[in-house]
Amino acid sequence: MISSLLVMVFNVVVSHEPFLGNPENLSIKGEFSDIVDEQHKLPSSELKHGAVSSLPHSRWQTQMAFSKTVYSFQVNEDTVPGTLVGKLEAQMGSPTPITFSVQEDDGESMFLLSPVSGEFLLSRSLDFETQRFYILTVDVQQGDLQVSSVRVYFNVLDVNDNPPVFSQNNFFASLLEDTHVRTCFLSLNVSDKDDGENGEVELMVVSGDEVGMFFIHSSGCLCLNKELDRERQSSYNLTVTVNDCALPASSQLTSTAHVVVVVEDINDNAPFFVSAKHVSIPEDSALHSLIMTVHAEDKDAGSNAKVFYFLTNSFGGTFSIDNTRGAMFLEEMLDREKADTLNITVTATDVGSPQMATTMNLTVHVEDVNDNDPVFSQSNYSLFIKEDVPRGTSLFQTKAQDQDIGSNGQVRYLLTPAGPFMVDTVRGVLSVTGQLDRERDSNYTLILTAADRGDIPRSSTTAISITVLDVNDFTPLFSPETLIIHVKENEEDPSELTRQVLLYLMVHSVQTYSRH
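For the sequence shown, our numbering gives the first residue as 1143, with consecutive numbering after it.
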């Protein structure tokens, strides 16, 4: 700001001595070495700012000057055109009317000067952001004799007429989910054309961040406030506002922008299995048949979530797996009777960097099929029983073993031909149901059949040979009951007669036994 006026002196001395008791008044004393007549007066156009031309009307010199050496007026930029914005005052040494006029004006008649009153009126709207001050040079003239000049400054005062603005309405940023807390990653580029408090701005996130993941640094950058987790939330749609700091708060202006923050994945999650850990397959499953399809999921994205499958314990190649689909196939025949449960280790690995893997113990239950016959411990049995054994007597128990399980291993027994015997169909106990008679049937040959209860039953047989032992269940009988013996009266040896009787009885007994 110019604080003083330049003065060009034509044999004139400018002094700041008090004039009429006012130190701001400018007094000028002309000192001439000779008497200067009216023909030697200086044209008023040659006077510079703050200079006064003085012509000797009389012996006493007449004084005239502005009340201030410099005028400065403050004008709000929202002042209505036509408003009085300043007034000049001049001190006169005579009652002759004075006239004000603008000699220099960098505002192109922004301020209109009344030539009579010295008042300035605003001619059109101001704009602080376009031009902040104006400089005018004003002359005051009293009649045709004296001219004085003064510099006039108009300072335009800012009002809060411009809202803060973002450089764009929509912002986009992406962050790796392992970005460190307190990292600032996006400049919001806010500007406000106003000045002072009217141009100072405050930013805040007003929506889309309920858990406080972000904050705005004083530099206007969006920063991370908490650890990210893409698997919990992969993106954020934020609404950010900016307001100036004008007072009162009700006069503050606001703007809004939208920020989309996308969280980029890192490989921080291992695959996890979602398929069953148990599977049952028949032991007669065909080679290369599909056993099951294992499946693992990975919460990561892209290549970090792509999963491959491997078998680390497949029982010597009994099973194989499709590395990409997880489909498991049978490569060797099964036998439940040798192994009814197989434990396999399945590994799922992603292709991220670094790779992450997880394992699952898969239990394969081999289901039984009816592929085994019941088996007797002997191919034939021999029994010896007495003919007087009571009916209902249990003779012996035989048991056929079947390696299958369930109904396939449940054995039932059948006896053919039954005769005087029967078998318990469940327990395999052979019993006598009829009266034996060795003299009628002394030997029996039976066929015992053992059959399982599978859908298509399987069976085997054994032979049982039974020999009936005799008991003394008959008394000797004479036949005929009357025996007539003829004895010679002159028999000399009676013992000969006794031998004949005994022989007869013995022969008769043998004949009788043979008939029974």
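It is possible that some hints are incorrect.
[Stated by the list, open to error] Have a look at the derived ranges for each label pair, beta carbon to beta carbon:
1. T1396 x F1452: 55 to 65 Å
2. F1452 x Q1552: 38 to 48 Å
3. S1265 x P1237: 52 to 62 Å
4. D1320 x V1402: 35 to 45 Å
[As the list claims (entries may be wrong)] Lysine to aspartate or glutamate pairs mimicking DMTMM-like chemistry, simulated, CA-CA at most 20 Å apart:
5. K1419 x E1373
6. K1419 x E1319
7. K1441 x E1319
8. K1480 x D1513
9. K1335 x D1247
10. K1448 x E1246
11. K1210 x E1246
12. K1441 x D1510
13. K1441 x D1410
14. K1528 x E1425
15. K1368 x E1342
16. K1448 x E1474
17. K1448 x E1509
If you're looking for bench data, these hints aren't it; they were derived computationally from the structure. Beta carbons are placed, not taken as given, at the ideal position from N, Cα and C, and that holds for glycine.
Hint-by-hint comparison with the structure:
no.: 1; hint: T1396 x F1452: 55 to 65 Å; result: holds (59 Å)
no.: 2; hint: F1452 x Q1552: 38 to 48 Å; result: holds (42 Å)
no.: 3; hint: S1265 x P1237: 52 to 62 Å; result: violated (32 Å)
no.: 4; hint: D1320 x V1402: 35 to 45 Å; result: violated (20 Å)
no.: 5; hint: K1419 x E1373; result: violated (25 Å)
no.: 6; hint: K1419 x E1319; result: violated (32 Å)
no.: 7; hint: K1441 x E1319; result: holds (13 Å)
no.: 8; hint: K1480 x D1513; result: holds (13 Å)
no.: 9; hint: K1335 x D1247; result: violated (26 Å)
no.: 10; hint: K1448 x E1246; result: violated (79 Å)
no.: 11; hint: K1210 x E1246; result: holds (18 Å)
no.: 12; hint: K1441 x D1510; result: violated (39 Å)
no.: 13; hint: K1441 x D1410; result: holds (9 Å)
no.: 14; hint: K1528 x E1425; result: violated (49 Å)
no.: 15; hint: K1368 x E1342; result: violated (28 Å)
no.: 16; hint: K1448 x E1474; result: violated (30 Å)
no.: 17; hint: K1448 x E1509; result: violated (34 Å)
Figure legend: structure checked against the earlier numbered hints; hints not met, in rising order: 3, 4, 5, 6, 9, 10, 12, 14, 15, 16 and 17.
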